[in-house]
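Peer 1: Taken in order, these protein sequences are the chains called A and B. Note that the working numbering numbers the first sequence so that position 105 is 105, with each residue one more than the last. Note that the working numbering numbers the second sequence so that position 228 is 228, with each residue one more than the last.
Derived by calculation from the structure, the hints in this document are not laboratory data. All of these numbers come straight from a predicted model, not from anything done at the bench. There may be inaccurate statements among the hints.
[Claimed, not checked] Calculated cross-link-like contacts (lysine to aspartate or glutamate; reagent style DMTMM-like; alpha-carbon spacing at most 20 Å):
1) B:Lys159 to A:Glu4
2) B:Lys159 to A:Asp100
3) A:Lys174 to A:Asp23
[Claimed, not checked] Now the in silico label distances, taken between C-beta atoms and shown as ranges:
4) B:Met267 to A:Phe16: 42 to 48 Å
5) A:Phe16 to B:Leu272: 43 to 49 Å
6) B:Arg278 to A:Arg122: 23 to 29 Å
7) B:Arg278 to A:Gly204: 49 to 55 Å
[Unchecked claim] Where chain A lies over chain B, by a calculated footprint (3+ residues, C-beta under 8 Å):
8) 41 to 52
9) 161 to 171
Ideal placement from N, C-alpha and C gives every residue a C-beta, glycine not left out.
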Amino acid sequence: MVSEPLLNAVKVTKSFGALRAVDQVNLQVYPGSITSVIGPNGAGKTTLFNLLCNFISPDQGEVFLAGEPIHRLPPHRIARRGMVRTFQVARVLSRLTVLDNMRLGAQGQTGENFWCTWYQGRAISRQERQLRDQAMAILESVGLAAMADTYAGALSGGQRKLLEIARALMSEPKLLLLDEPAAGVNPRLIEQICEYITALNRQGLTFLIIEHNMDLIMSLSDQVWVLAEGRNLVEGTPAQVQTNHQVLEAYLGC
Amino acid sequence: MTGYLVFVTTSTAILALFSLGLNLQWGFTGLVNFGHVGFMILGAYATVLLSLQGVPLVLATGAGVLLGVLLALVMGLTTLRLREDYLAIVTLGIAETLRLVVLNEQWLTQGSFGVQGFALPFAGEDYKLLLMWLCLGVLGVVFWGLERLVRSPWGRVLKAIREDEEVVKALGKNVFWYKLQALMLGGGIAALSGAFFAWQETSIYPEDFQPQQTFDAWTVVILGGGGKNLGTVLGAVIFWAYTSLTRFVLPNLVPLDDARLGALRIMIIGLLIMVLIRWRPQGILGKKGELTLGK
């Protein structure tokens with residue numbers, strides 16, 4: 001990989017009191033790749049995610065998206081630049097319909113401006129129809145099209161995971177951050193999610209994934225970064241990482 | 001009797017207007033505002049004091065609304081970044097502070113003597129009737145505008161913030177700014193209702209603006225079901241129907257003096273809210289289905 005990294009985190013650090021949750025962590029995600037972050041519980045993976053998106057601001061360190069610093073931008077601006085995250089426990093907007101959840105993901109909507117709602121009615125309805133079509137196409141591809149008009153809160157756990165990914169896609173991101181996409185999901189659905197990620201990746205979408213499910217990580221990833229106790233342990237291809245002595249030690253204690 | 005009907009209708013319209021502002025903030029956006037009456041104080045006092053200085057009524061009212069919006073801006077800038085319980089405490093505090101300022105700054109407001117003799121929108125014998133129609137008209141316009149807004153993508157963002165603001169942030173929306181907009185718009189509407197309140201009473205006193213006003217609005221919004229504008233209007237109708245019925249009926253049923261009867265009526269409302277929250281938390285117009293949803 002000779003190209004510039006799409007996402008580049010340099011010595012990112014965050015302490016909670018005396019605990020160094022993330023300690024000088026580096027991370028690079030190359031465009032077009034599926035990059036994973038693994039590590040034992042408490043290794044700081046989710047905290048790292050929060051730091052990358054500035055949901056929590058880092059004490060030290062820098063984060064670059066496509067070469068531009070983003071660690072001082074508020075989270076919504078980072079999302080607008082094309083890096084969109086999902087959450088470990090899928091968070092859907094319960095009392096909005098599935099379709100409205102999807103529409104919310106779209107960027108640059110005229111109708112989201114207070115003043116425009118008054119005098120651009122026609123443009124807004126046109127946009128809403130477009131978004132509906134776009135949303136339905138994505139929902140179709142994840143098998144949720146039939147649920148478009150039900151409340152998102154009525155979905156099962158697995159369906160919520162799918163909706164969350166689908167909703168993130170509505171924002172047409174460059175880089176999608178998935179926090180444990182397979183957690184609490186049945187094996188059949190894990191397979192479906194995997195296929196979906198692979199298909200999207202082939203269309204050019206870059207992924208950064210946190211995951212515990214080793215099979216999923218090893219089969220999907222191009223590059224794996226291992227964290228332990230808030231620090232970088234090793235990085236490499238799945239094959240390299242799988243046989244690494246330090247990784248085995250950190251995971252299995254042997 | 002007609003006089004009383006006009007009074008009740010006007011009061012209902014004003015309460016509905018006032019509560020619609022709260023419904024936008026809480027029912028749609030999830031902002032816990034316990035100081036809603038603060039906007040009303042500003043709206044009422046700004047309108048009457050300016051019109052006493054000879055400012056045309058429309059401009060004075062506009063200034064009152066603008067002040068309500070500005071108050072919301074200040075409240076929002078200082079508290080919206082904090083957790084939502086802080087907003088509840090700060091709004092309650094600000095509303096009480098405003099009431100005490102109005103009570104004590106006698107050079108400006110004449111304190112507890114109140115303000116009287118200010119300009120009214122109409123004159124003559126039909127004043128109350130005309131005011132009722134004006135109230136209903138303004139309520140209709142505000143209702144229409146709010147319905148249009150909450151059905152727009154703008155309203156969708158507000159509802160999404162109510163559900164889970166972290167998600168909205170992750171999807172690239174400036175959550176803080178939307179919350180601020182909801183607070184300001186709701187505040188402006190409440191300030192407008194303050195002007196009507198002053199015109200209906202034709203004199204205003206600091207004690208008109210006790211926290212009870214805020215909690216009446218909460219009752220109305222909860223009765224109708226948060227996040228339903230029509231529910232809020234219906235809530236206001238029920239609230240005033242209850243108030244007037246108990247005023248006439250209760251004295252014949254319960255042998256208590258006036259002050260105690262007043263307290264009893266408020267107690268019954270409190271009980272009603274508790275019953276409602278326990279057995280029908282979605283309010284009268286809310287859909288039951290929405291509540292059985294897992295978060």
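Peer 1: Are the hints correct? Go through all of them and say.
Peer 2: Hints versus structure:
Proposed proximity of Lys159 (chain B) and Glu4 (chain A) is contradicted: the alpha carbons are some 39 Å apart, above 20 Å. Taking the CA atoms of Lys159 (chain B) and Asp100 (chain A), the gap is near 10 Å; set against the 20 Å cutoff, the hint holds. Only pairs whose Cα atoms come within 20 Å are accepted, and Lys174 (chain A) paired with Asp23 (chain A) is rejected, the gap being roughly 27 Å. The hinted range of 42 to 48 Å is satisfied by Met267 (chain B) and Phe16 (chain A), whose Cβ atoms lie roughly 47 Å apart.
In this structure the supplied range 43 to 49 Å holds for Phe16 (chain A) paired with Leu272 (chain B), their Cβ-Cβ distance being about 45 Å. Hint check: Arg278 (chain B) to Arg122 (chain A), Cβ distance near 46 Å, so the stated range 23 to 29 Å is violated. The supplied range of 49 to 55 Å is met by Arg278 (chain B) and Gly204 (chain A), whose beta-carbon atoms lie about 53 Å from each other. As drawn, the region 41 to 52 of chain B meets chain A at 0 residues by the rule of a beta-carbon pair under 8 Å; below three, the given contact is violated.
Requiring three or more residues with a Cβ within less than 8 Å of a Cβ of chain A, the coverage given for the region 161 to 171 of chain B holds, as 9 such residues are present.
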